[in-house]
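Taken in sequence, the protein lines are chains U and B. Per the numbering used here, the first sequence starts with residue 1, numbered consecutively. Per the numbering used here, the second sequence starts with residue 303, numbered consecutively.
Treat the hints with care, as some may be off.
To be verified - DSBU-like cross-link-like pairs, simulated, lysine-lysine; straight-line CA separation at most 35 Å:
id : chain 1 : residue 1 : chain 2 : residue 2
1  : B       : K523      : U       : K4
2  : U       : K229      : U       : K108
3  : B       : K313      : U       : K264
4  : U       : K113      : B       : K525
5  : U       : K52       : B       : K523
6  : U       : K10       : B       : K558
None of these hints come from the bench; they were simulated from the model.
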Amino acid sequence: MVLKHLSELKDILVDKPTRRLVLAAAQDQTSLTSVISAARDGYIEPILVGDKEAIQNIASENNLDISGVRMIHEPDTEVAVEIAVKMVRSNQADILMKGKVGTSTLLKAVLNKEWGLRTGSLLSHIAIFEVEAYHKLIAVTDVAMNIAPNLQDKIAIVNNSVACLNRLGVELPKVAVLGAVEMVSENMQATLDAALLSKMNQRDQIKHCIIDGPLAFDNAISLDSANHKGIRSDVAGDTDLLLMPDIEVGNVLYKSLVFFAHAKVAAVILGAIVPIVLTSRSDSDQAKYDSILLAAAVTKNE
Amino acid sequence: MADAVRTAGRKYRIAVAWGQDHNTIGSLHRAVNEGFVEAVLIGSVSEIGKVCRESGYDPSLFTVIGSDDEKSAAATAVRMTAEGDADIVMKGLVGTGNFLKEVMDKEKGLLAPGSVMSYVCAVEIPAYKKLLFVTDTAVIPFPDLKQKVAMAEYALTMARRFGIAMPKVALIGASEKVSDHFPNTLDYSEMCRMAEDGRISPCIMDGPLDLFLACDPESVKIKGVPTPVDGDADILLFPSLEACNPFYKSLMLFGKGELAGMICGTTKPVVLMSRSESELSKYYCVALSCLMASENN
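Generate coordinates for the entire structure from the input sequences, incorporating the hints supplied.
As structure tokens, then:
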């Protein structure tokens, strides 16, 4: 299946059971607003953990209808996060979302060895972009979690992302390993890793996808560019997933697409028992809403 | 930019290494017709004649110097420029490696000893209110502090040629926080100090800044990070080629950008761009190099 618009996430969700989303430290205007609107549209069933009075105040100030929404009162942020994580762990919720709490506090709880949400895989971030000038959605990883992933980390990041895309119906995602150039150069570790990942994919050490790299951005995105340079590749010009060499590259590209190319984006954290939604204040309302839908769409079927 | 060059009324002599493809000759044809360039094409006489015929150009507009192979064409073009017979050297269909080898030749090339060679692009993007100067899109993979300072100076020189008296320089990182997880951010702190002390030519410099804080005043407000660049950057300096290259390519492919770029750090301007670039892009690069050449005189 080929997805062109983020709104198609809604079509995926039509046939799926409504997912339960637990918002940790729910007294947060931006995340609460997006959660309530996704709930109103029927895509999730919310559970709010946090300071009840503060939540109610935010709801009334922003005209959010939270009547009938399940709420667990816990004013202490760290405890609220622990409650939310444990609810996921005990199968009372399908998606975890960050409210008014620092990212590091939430991730510490997610990674707690006794009651956290570890699966043995690395946590990684995936951002899925809708760009007018590209013929389908394009996923980019990792722009937010892993600073300078080594080869093993990159394998885990690809596996996380491919499983996610598979659940969105992209059966054999085409993965471009990004480099500044398309030649393997011993001066640039990213190009060496790219060559290794490609070969490991050919040998079935990394499955359910087609990997090629290094590819420079233009070759990954445009078949014309790849042809001009005489690059033979099954991925060039038709990339589903772009693997970044490091977070500096990813962060710049993410922001370039949003700001200069007016891309729409949805993003989740993968690699835990359930998808995790981490949005930031600078994300648009659309991005927050679509991220919730993305999390619901990639939740494993029971 | 092209207007400024056209109206300056000077002619620049450009030596073109293996200049025998449609895009290169087309871009020069326009510049010659507009009166600011004299082009010396060094390459296969018959091939150049064929391209001119196919495109309907008058071959007498160009000076043609016959050459049998791309390596010697590159050597001739660079030597002419080094010896003052041309103001600018341009890469035609010759491979980048062969071309740069001549440019960097210690005796006959265009690189002063100890100088840092880098690449600066001027990019026009519909989503941004002004031109952005971006470095390094093509040459230095992982610049150290000295190279970053040189990159900043080249971009500042270019921005000033465009009439920006006090350019705002954003040193780009993944976030605005200085951290030893990101060694580049330590260089950035040092550079900001150097800019304050006057060890970097006059500019408003800040970093690390993420792309939003550099280019979007709205994000500066939301995040509440006080920065003199204030979402109004003229120059973006990137931590690596790996970050800069996909950035500018995303602007071209997804952001409807147009660019002009050139090599900096050489004794004469060097026009170098991918063989696959369009005629228009090459024309802009030629105009940019003329603008920069005018400062050398």
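The hints, checked one at a time:
1. K523(B) with K4(U): holds, 33 Å
2. K229(U) with K108(U): violated, 46 Å
3. K313(B) with K264(U): violated, 46 Å
4. K113(U) with K525(B): Distance ~33 Å between K113(U) and K525(B) Cα, so the pair holds.
5. K52(U) with K523(B): Answer holds: K52(U) to K523(B) is near 29 Å, not above 35 Å.
6. K10(U) with K558(B): holds, 30 Å
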